[in-house]
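Asker: Take a look at the letters that make up each chain.
There are 2 protein chains.
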Amino acid sequence: MSKKLLSVVAVSVMFSGVAIAEEIKLSDAEMKKANQIYFDRCAGCHGMLRKGALGPWIRPEHHKGKKKEVPGTKELGTEALVNIIYNGTPGGMPGWGKSGELTKDEVELMAKYLQLPPVAPPEKSMADMKKTWKVEVPVDKRPKKPETDRNWKNYFGVVLRDVGKIAIIDGDKKEVVSVVPSGFATHILRSSADGRYMYAIGRDGKAEVIDLWMKKPQVVSEIRVCNDARSIDTSKYKGYEGKYAVVGCYWPPSIVTLDGKTLEPLKIVSTASYTYDTEEFHREARVASIVANHYKPQWIINVKETGQVWLYDYSDVNNPTIKMIEAERFLHDGGWDSTKRYFLVAANARNTICVVDAKEGKLVAKIPSGGTKPHPGRGANVNSKKYGPVWITGHIGSNDIVAIGTDPKGHPDNAWKVVKKIKLPGKGGGNLFVKTHPKCKYIFADRPVNPDRKLQTQFYVIDKNTLEVVKTIPIPEEYLKPAKTKDGKEVKARGPVHFEFNADGTEVWTSVWGNKLEPTPILVYDANTLKLKKVIKDPRIITPTGKFNVTNTMGDIY
Amino acid sequence: MSKKLLSVVAVSVMFSGVAIAEEIKLSDAEMKKANQIYFDRCAGCHGMLRKGALGPWIRPEHHKGKKKEVPGTKELGTEALVNIIYNGTPGGMPGWGKSGELTKDEVELMAKYLQLPPVAPPEKSMADMKKTWKVEVPVDKRPKKPETDRNWKNYFGVVLRDVGKIAIIDGDKKEVVSVVPSGFATHILRSSADGRYMYAIGRDGKAEVIDLWMKKPQVVSEIRVCNDARSIDTSKYKGYEGKYAVVGCYWPPSIVTLDGKTLEPLKIVSTASYTYDTEEFHREARVASIVANHYKPQWIINVKETGQVWLYDYSDVNNPTIKMIEAERFLHDGGWDSTKRYFLVAANARNTICVVDAKEGKLVAKIPSGGTKPHPGRGANVNSKKYGPVWITGHIGSNDIVAIGTDPKGHPDNAWKVVKKIKLPGKGGGNLFVKTHPKCKYIFADRPVNPDRKLQTQFYVIDKNTLEVVKTIPIPEEYLKPAKTKDGKEVKARGPVHFEFNADGTEVWTSVWGNKLEPTPILVYDANTLKLKKVIKDPRIITPTGKFNVTNTMGDIY
Numbered sequence: 341m342s343k344k345l346l347s348v349v350a351v352s353v354m355f356s357g358v359a360i361a362e363e364i365k366l367s368d369a370e371m372k373k374a375n376q377i378y379f380d381r382c383a384g385c386h387g388m389l390r391k392g393a394l395g396p397w398i399r400p401e402h403h404k405g406k407k408k409e410v411p412g413t414k415e416l417g418t419e420a421l422v423n424i425i426y427n428g429t430p431g432g433m434p435g436w437g438k439s440g441e442l443t444k445d446e447v448e449l450m451a452k453y454l455q456l457p458p459v460a461p462p463e464k465s466m467a468d469m470k471k472t473w474k475v476e477v478p479v480d481k482r483p484k485k486p487e488t489d490r491n492w493k494n495y496f497g498v499v500l501r502d503v504g505k506i507a508i509i510d511g512d513k514k515e516v517v518s519v520v521p522s523g524f525a526t527h528i529l530r531s532s533a534d535g536r537y538m539y540a541i542g543r544d545g546k547a548e549v550i551d552l553w554m555k556k557p558q559v560v561s562e563i564r565v566c567n568d569a570r571s572i573d574t575s576k577y578k579g580y581e582g583k584y585a586v587v588g589c590y591w592p593p594s595i596v597t598l599d600g601k602t603l604e605p606l607k608i609v610s611t612a613s614y615t616y617d618t619e620e621f622h623r624e625a626r627v628a629s630i631v632a633n634h635y636k637p638q639w640i641i642n643v644k645e646t647g648q649v650w651l652y653d654y655s656d657v658n659n660p661t662i663k664m665i666e667a668e669r670f671l672h673d674g675g676w677d678s679t680k681r682y683f684l685v686a687a688n689a690r691n692t693i694c695v696v697d698a699k700e701g702k703l704v705a706k707i708p709s710g711g712t713k714p715h716p717g718r719g720a721n722v723n724s725k726k727y728g729p730v731w732i733t734g735h736i737g738s739n740d741i742v743a744i745g746t747d748p749k750g751h752p753d754n755a756w757k758v759v760k761k762i763k764l765p766g767k768g769g770g771n772l773f774v775k776t777h778p779k780c781k782y783i784f785a786d787r788p789v790n791p792d793r794k795l796q797t798q799f800y801v802i803d804k805n806t807l808e809v810v811k812t813i814p815i816p817e818e819y820l821k822p823a824k825t826k827d828g829k830e831v832k833a834r835g836p837v838h839f840e841f842n843a844d845g846t847e848v849w850t851s852v853w854g855n856k857l858e859p860t861p862i863l864v865y866d867a868n869t870l871k872l873k874k875v876i877k878d879p880r881i882i883t884p885t886g887k888f889n890v891t892n893t894m895g896d897i898y
Numbered sequence: 341m342s343k344k345l346l347s348v349v350a351v352s353v354m355f356s357g358v359a360i361a362e363e364i365k366l367s368d369a370e371m372k373k374a375n376q377i378y379f380d381r382c383a384g385c386h387g388m389l390r391k392g393a394l395g396p397w398i399r400p401e402h403h404k405g406k407k408k409e410v411p412g413t414k415e416l417g418t419e420a421l422v423n424i425i426y427n428g429t430p431g432g433m434p435g436w437g438k439s440g441e442l443t444k445d446e447v448e449l450m451a452k453y454l455q456l457p458p459v460a461p462p463e464k465s466m467a468d469m470k471k472t473w474k475v476e477v478p479v480d481k482r483p484k485k486p487e488t489d490r491n492w493k494n495y496f497g498v499v500l501r502d503v504g505k506i507a508i509i510d511g512d513k514k515e516v517v518s519v520v521p522s523g524f525a526t527h528i529l530r531s532s533a534d535g536r537y538m539y540a541i542g543r544d545g546k547a548e549v550i551d552l553w554m555k556k557p558q559v560v561s562e563i564r565v566c567n568d569a570r571s572i573d574t575s576k577y578k579g580y581e582g583k584y585a586v587v588g589c590y591w592p593p594s595i596v597t598l599d600g601k602t603l604e605p606l607k608i609v610s611t612a613s614y615t616y617d618t619e620e621f622h623r624e625a626r627v628a629s630i631v632a633n634h635y636k637p638q639w640i641i642n643v644k645e646t647g648q649v650w651l652y653d654y655s656d657v658n659n660p661t662i663k664m665i666e667a668e669r670f671l672h673d674g675g676w677d678s679t680k681r682y683f684l685v686a687a688n689a690r691n692t693i694c695v696v697d698a699k700e701g702k703l704v705a706k707i708p709s710g711g712t713k714p715h716p717g718r719g720a721n722v723n724s725k726k727y728g729p730v731w732i733t734g735h736i737g738s739n740d741i742v743a744i745g746t747d748p749k750g751h752p753d754n755a756w757k758v759v760k761k762i763k764l765p766g767k768g769g770g771n772l773f774v775k776t777h778p779k780c781k782y783i784f785a786d787r788p789v790n791p792d793r794k795l796q797t798q799f800y801v802i803d804k805n806t807l808e809v810v811k812t813i814p815i816p817e818e819y820l821k822p823a824k825t826k827d828g829k830e831v832k833a834r835g836p837v838h839f840e841f842n843a844d845g846t847e848v849w850t851s852v853w854g855n856k857l858e859p860t861p862i863l864v865y866d867a868n869t870l871k872l873k874k875v876i877k878d879p880r881i882i883t884p885t886g887k888f889n890v891t892n893t894m895g896d897i898y
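Residue numbers (our numbering), protein chains in the order written: chain F, 341 to 898; chain U, 341 to 898.
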């Protein structure tokens, strides 16, 4: 877009009388940079069309919302916007300037950019996708059996978030077997039903599949299916194991089915539709998460903005059947109960956990989560002596780890309600993940987004029997040393984030959430004695976040 | 939109270097008028977003299509656009000026309007719809049994297209029982499974239900569900008879489920998705037609631009299940084979008839129709001695009435292919409808859009045994006399259009397609002797087009 045109567009807004406008001019280079920053930092919460999701409306024009009026960015003006972007807000907007993520110039650039109309985000057709599709190793050139002597079913895929890579680590020997390139800020890894293939999806919509049977695992196929994505999974129903992969896109909001081995794109379905409650059209109805149904040839697709759970039948791949179930807004992430019949998914704008019966194909409950912004990851399952089977989630916005009864037949009184609230020591929320393993007597909880440095750099151990916190484990100081930027500024690592067990459930792994400046370690604890057993440090392991053990991921064990 | 703003937008196009622009200014009143003309005359073929469907792309900017480049309207400029709009094109664009439908000033207005960016068409939420919902007669105030002595199951609903009304005519007595207001240019009437309620949908998206049990039938409920619509139907599966109605919208492109008795809106689902073949996102994926499946609680929904047939399961009304079947572009209208298992639908841009097996829920054939622009209406079914069961359609663009075998079990050699081509006398196409009744030995075909006046004002009788034209019946001259406009211009009526049988199949009705200036008659022929039996003339019967007999419509008899 030319500078001249943009200038005129801004003037046209002035003419239309919306505000007393200042003339905003951005050069092509500035626009390009601002677009990239917007995509990296802002789009996740505010949406590509800037109509808001977890964050508010930030378009130039005034918005008469259902509940309240929201001023347009033109009304706010550059100064106010700079202040918000630099310092953040109590409502949850990060202070991008204060934290050092954006320079002062970048903050000012974004304040101007937001007063211009949103650039129409690109569409992506099948032809566009195919141009980005690469099969690095054709299926017939891949190993016929594992070429490694290592116990590959105990491999861990570790997301190296900010460097756009994935480390494959041998869980037996704690050795880095391979580091492969990935999309930007990979959000999740999934396994094929047999565990052989590991799938990654970048925030930039780049999907890839890694072959773990190779002596040195590498990316064997890749494709960029969207401009923005968060989820990937594979077909796991009997007879379809590994046949298909599926990507859930943020933009364009869609579901893309791929061949499981080659990632050849096969089918695109739009998720743009009507919000389940007010029934308003939402162009940007993003796929928040996907899980594979074990009862049927279906994916369970959670559409954030519309609050719908789509049961997507992939058995006739070009002619899919979709049941559109009304649930709650905004759907985020979730996991299975221990029987894998019930899928529990967070609606984080409404502090609700929705329960989908995957066998019957219907919503069975909407449960007030008892906290603020539930964030289960996949959650954690416990067979409690007192309550029967329960599923556990934490919250980002409040100090509540809650257990929900999941056994309507055996324990009907406890089913689909919060039966126990667990408070972590100290104040405030900030939990992102809870995790357990059927063979482990503990549940582990992190707290990386709690503002208190001490609380943030510990993790918390909950006893499965009592459902009480029995231990708090601080990360040793030596692994939390601040890194230095080029201009000498010290930047601290966050605390431990995300847990994963090894295949037999005897170890729990967590990682120090560092920054791009320096490597940070993965810490391996004995899951019974809770002793730090091994520290995995490697110059290539930078910003390790999500960790996915092959056996646990392929079996949905948590 | 203010005049100033529009002016600036046009200038911005100039700045962006697309064309040497003239500055285009339209006043609010001009914009309003142009929007209305665009909606009435242009949107059907070019789409609300002007990206083209049956007609080409007509947006200001240049378009690099897959097959060819299409100049933007800014490139074409006012003079060229005036010429096209006034005179039409050989490609099928009507000459709106030449035909007198638009004045010279209106043509010029439209030539300017088309060089401005399309006005974003409005969205419609559930709240918007509810504001337009009226229950004139609550369900408990409606008759408990028929309050008329007339044989209401032989009523005809007749669309009075250009005056926005519907006439209810007693088919036994040939008397106008009631004339009720409707939406603009009602496209179709449908009946509830028991025949009592008649549903109408206007091009302006206004749906209404007429209660035929009343002494004088009247509209008992109405609602405006879209800005533009073409189709309505009801639930006909066992146990759901009359429970729901459904409207297929052109804009916003969507499926709206309504309560069958009150038209209370219950659920909106967007049809915006990806084209079945190139898999490109299409915001304006319009619902061309809907039929009710007799085998399952489903509607068969034909989405024009994406070329998909959606099997929409309404049994769980708030959580619908949709099978999205790949068919062909652009889907239009169609009908059942005689067993009501197979639905045959025209893809008029590809001269193809697609066959959906409603029992198995899948596409079973894509048949080259053998002509240009197939236009079946519902088609006509014949049990031919020679070919077995066949379904018949005509074409707008070529002189081909074709018979397609529909009995894969009994007559596999003839199934899903054109087994017979019937040429009408004289040259050129122009057929819109064919019609028969199981008890009648003839098929009737009209030809209202053939340019030849003589061919246009006749209809054609095909013998079911020989599948040959056995008679040509001209409309008596006295019913074709031109009407005079205020300024003395003579405007001719088109010939006969559309047929409908009475309940026992002994009469066939057609109507003279007049204009708003004067009433035109409905002609009733003896379906066996082919003699003109009765002429229904009434000062209120102006522009009669579609005619729908209650018994035949409720039973899908054709």
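By construction, these hints were calculated from the structure, which means they are not laboratory data.
One or more hints might be untrue.
Heads up, the list lumps identical chains together, so a pair's fine if it works in one copy or across two of them.
Unchecked claim - The calculated lysine-lysine pairs, modelled on DSS-like cross-linking and capped at a C-alpha distance of 30 Å, are:
no., residue 1, residue 2
1, Lys408, Lys470
2, Lys781, Lys811
3, Lys699, Lys514
4, Lys583, Lys829
Asker: With reference to the structure, classify each hint as holding or not holding.
Answerer: Outcome of the hint check:
1. Lys408 to Lys470: For Lys408 and Lys470, only the inter-copy Cα distance (21 Å) is at most 30 Å; the intra-copy one is 44 Å.
2. Lys781 to Lys811: Intra 13 Å, inter 89 Å, cutoff 30 Å: intra-copy only.
3. Lys699 to Lys514: This pair counts as neither: shortest intra-copy Cα distance 39 Å, inter-copy 57 Å.
4. Lys583 to Lys829: neither (49 Å within a copy, 69 Å between copies)
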